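In the UniProt record's numbering, the protein residues as written are 1 to 112.
Hints are supplied without guarantee of correctness; some may be wrong.
Said to hold, decoys possible - The calculated lysine to aspartate or glutamate pairs, modelled on EDC-like cross-linking and capped at a C-alpha distance of 20 Å, are: (1) K75 to E3; (2) K47 to E59; (3) K30 to E93; (4) K75 to E23; (5) K30 to D102; (6) K47 to E13; (7) K30 to E104; (8) K11 to D102; (9) K75 to E104; (10) K47 to E23; (11) K47 to E7; (12) K47 to E60; (13) K11 to D42; (14) K30 to D91.
Keep in mind that the hints were calculated from the coordinates and are not lab data.
In this text, all values refer to a predicted model and were calculated from it rather than measured experimentally.
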Amino acid sequence: MQEIGWEDFSKVELRVGRISRAEPFPQARKPAYILHVDFGPDIGVRKSSAQVTALYSAEELVGRQVVGVVNFPRKQIGPLMSECLVTGFDDGEGRVALCVPDREVPLGTRLL
């Protein structure tokens, strides 16, 4: 594992957002949803592709808080221009479990 300094880590904007919409993304190479994530008034709603279909239905994602990186450059994923990276963990069986705060926090709050 490569060590990084605090200065490197502090450049990553990990923020809390709420999924306001989740829809199938049939054009994705691997099963995925298009997520619309509201990061609050300062950042707004950003779109992302998320390969979380194995553990979550689109309906149960709506309203959930998630942690996302909001300062990566936008990335074209098929017909979608991804505007953030929603974070998650491999559950040991190749499925992605979302990284979420364990308490409700204000939208846009930055990871400390």
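Original post:
Where does the structure disagree with the numbered hints, that is, which hint numbers, in rising order?
Top reply: 1, 5, 7, 8, 9 and 11
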